[in-house]
Amino acid sequence: MSSTSSPESPSPGRGDVVRTVTVGGRTLRVSVRRGTDAGVPALLLMNGIGASLEVLQPFVDALDRRRSVIRFDVPGVGGSPRPVVPYNLSTFSPVVSGMLGRLGFDDPVDVLGLSWGGGLAQHFAVQHRRRVRRLVLAATGTGSLMVPADPRVLAKMLTPRRHRDPEYARSIAGEIYGGTMRDDPARAARALHSASRLGPRRGYYYQLAASTGWSSLPFLRLIRQPTLIVAGNDDPIIPVVNARIMARLIPDARLHLYDGGHIALVTEAGELAPVIEEFLD
Amino acid sequence: MAQPATDPKAPEKGTSAKAAAGRPADPPEEATEAVMGLDMVLIDAARGPLRRLVPPAGTALRFGTALARQPGTVARRGGELARELGKVAVGRSELAPGKKDKRFADPAWSGNPLLRRAMQAHLATARVAWELIEDADLDWQDDERIRFTATNLVDALAPSNVPVVNPLSLKAAIDTGGKSAVKGLGRFVRDLASPPRVPSMVEPDAFTVGEDLASTPGAVVVRTPVFELIRYTPTTETVRQVPLIMVPPTINKYYIADLAPGRSIVEHYVSSGQQVFMMSWRNPDERHAEWGLDTYGQAILDAMDAVERATGSERVALQAFCSGGIITAMVLAHLAAIGQQDRVAAASYAVTVLDWSRAGTVSALMDEESVKAATEKSRRKGYLDGAQLAEVFAWLRPNDLVWNYWVNNYLQGKPPPNFDILFWNADTTRMSAALHRDFIDIAIGNALTEPGKATMLGSPVDLSKVTVDSYITAGIADHLCPWQACYRSTQLLGGGNRFILSTSGHIASLVNPPGNPKSTFQVAADTPADPEKWLAQAETVQGSWWPDYMTWLGERSGDQVAPPSGLEELAEAPGTYVFDK
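First to last, the sequence lines map onto chains L and E. Here the first sequence stands for residues 1 to 281, where the numbers follow full-length UniProt numbering. Here the second sequence stands for residues 1 to 581, where the numbers follow full-length UniProt numbering.
In isolation and in its complexed conformation, chain L is listed as follows:
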């Protein structure tokens, strides 16, 4: 009996160096793609909830090779070990900052946060202002104080099942992710790597807890970095009005609206990557 006949590719591609870094008692699996131009600031990606760094592969592939790209798995997700002690965004931001230091990125980086990672990115940009040059917030909101999604959608976000069960991911993808997933939900299952990488359980709940009760609404004005807000007009998880609110409150913000859903950054990377790169350059 052999399982090798149907190769899956659960790991990042050529050019990515995967390693583990331990900071402040937390061990993170990190992937770094070294850019060909050291003059271009590195781009740090902060991922959506429950998603391993592999999920971002299509987006990374769509980015210019000149740019260094850093990705990581939060504790208990992807290849990072399960957290022993829970964390929240304010205790986790220093870990990410320390991780950058350990990786040798001492100059300011650009930060892109997708969904849950957008919350972390906003927090990180305020708490570690000098580390962040520019900020990109994709399909994200202001945390617990925001215009919420349909409760039926939110209920499905409460468990990591879509990351563990490809069948289930297919059945709900259209409803929760919107955009092109409505027509092709199987792509969502593939995009989530629910077949190649084991979705988290405890790690997911810790991640959920990390942002519970947190909101960036009171401190959006403290985000001083030039910020690009990228939002889809068919995003069932983050209604598009949230992007408009953020764009109004963040002092130096631009808004880019696209036709699509919650995970368009991954599924339509070819369209969104150039928009983001234009802003960063």
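Worth flagging that the hints you see were computed from the coordinates, not collected in a lab. There could be a bad hint or two in this list.
Claimed, not checked - Each computed DSSO-like pair below joins lysine-lysine, with the alpha-carbon atoms no more than 30 angstroms apart:
{"no.": "1", "chain 1": "E", "residue 1": "LYS518", "chain 2": "E", "residue 2": "LYS533"}
{"no.": "2", "chain 1": "E", "residue 1": "LYS87", "chain 2": "E", "residue 2": "LYS99"}
{"no.": "3", "chain 1": "E", "residue 1": "LYS581", "chain 2": "E", "residue 2": "LYS372"}
{"no.": "4", "chain 1": "L", "residue 1": "LYS156", "chain 2": "E", "residue 2": "LYS581"}
{"no.": "5", "chain 1": "E", "residue 1": "LYS533", "chain 2": "E", "residue 2": "LYS465"}
{"no.": "6", "chain 1": "E", "residue 1": "LYS87", "chain 2": "L", "residue 2": "LYS156"}
Given chain L's structure and the hints, the job is docking chain E onto it.
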């Protein structure tokens, strides 16, 4: 064989004497001898910590019965103990710890009358416990079991483990103004919060895989769901025609063969002009519950296919470690059965047991019930948890792996010292439920010793049909894969055999870089059936076995050729699977 460190009659050499607790401030060499092994997977990792302090009911009964039959002896031992304790109380006892027993090395243990009494009372009690086990004269299995329990219990009760009583803890508290106690408590809470629930033997950031460990340059050239195949970059102008594929254990990561530069087996092979490929197993999770021996055997065949394609060589050599050796031997039997044995030019088995009759403490500890419980637990979960295995390992040698870190980490509030092997040891992996089950079946039924009792990929396994030359290594102080058990492979495998007996234990016998003045190995011209006969005629060679293996393999590796180039590279070594926690 487990034996309390307090045993005054402990011989100078061998496993048991090494049980003396080295403070972590010293290079924890003893610890390295206890960290790995295949047999451990056979223990029920799910058994709670208290089970280690209680012998199986049957064993306890037989121990009790044996002693009840000789009431005179028991009374004499009791009297001896009472007299000795009396002497201790009035301060006239001569009892002193063994020279190697570092637990009581601090002068306060002899200088302070109270501490001296506490220490001597412990030594006296431990000695009597030990003597009673000798008196009981049980059969080997019960004897191993009761010694295991006694070791755990006696060592746990040592006064050196008690905060405040141990002078080191007081001194640390005074030196740091109490900070050591706070730090120690913090470490205690952190360690116990998640498995393995034993004192940590190394800081989690002591080393970085890919930088100071697993840093031999190379690239991943094949990736399947089961493994990544790393090809190391040749550093010599020409290389041996026949490439070497290394098959690591399925427990913990492959980089035991690629530790820090200067201590890396792979690095040594590459610099000796060998083409080296390494299989890096994926850390399986619950979706891979069905990966059994056949899956892993097929993976070796897949690696062979890929290497043959990449190098243009029709033959490969294999070197396997520990549990990897079991799979490799079975794959060779499969190749022999289908008439493709000539694809393998040479095979090497390091600390591998193929014949499990009386293979040591662990097999003695197994009983049918706990074996069933173990397989059932991993079946339900989909895998066997590496952290729980690490816990079992630690309790096999509590003084080296638990109590001295207990004193260091908690009582003194100090970080454990950095040591590459222990870092590797702490980097645990899971084992798929099916592989766990298959290994247990093989070991319990001792299935590789009888032709046809086990199968690999549909072929009945008959190791005598394997006529490839074998190079077999073992460690003289290996308590998990005793060298005599490793030696028996020479009798199972057909073909020419060279058996090497290295100094030290399971892991240290592998990580044996040339240049260490202390390392030697023994070797003999032939391999008679009786290991003791072999030992009698073996001569001792100064140095490490690595160069000897390179010579042996070189004779079977064909011509010198230019290194093949133009392989597709998927990722840089050490690859990506090695980072999956």
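Which hints from the list above does the structure break, by number from lowest to highest? Violated: hint 6 alone.
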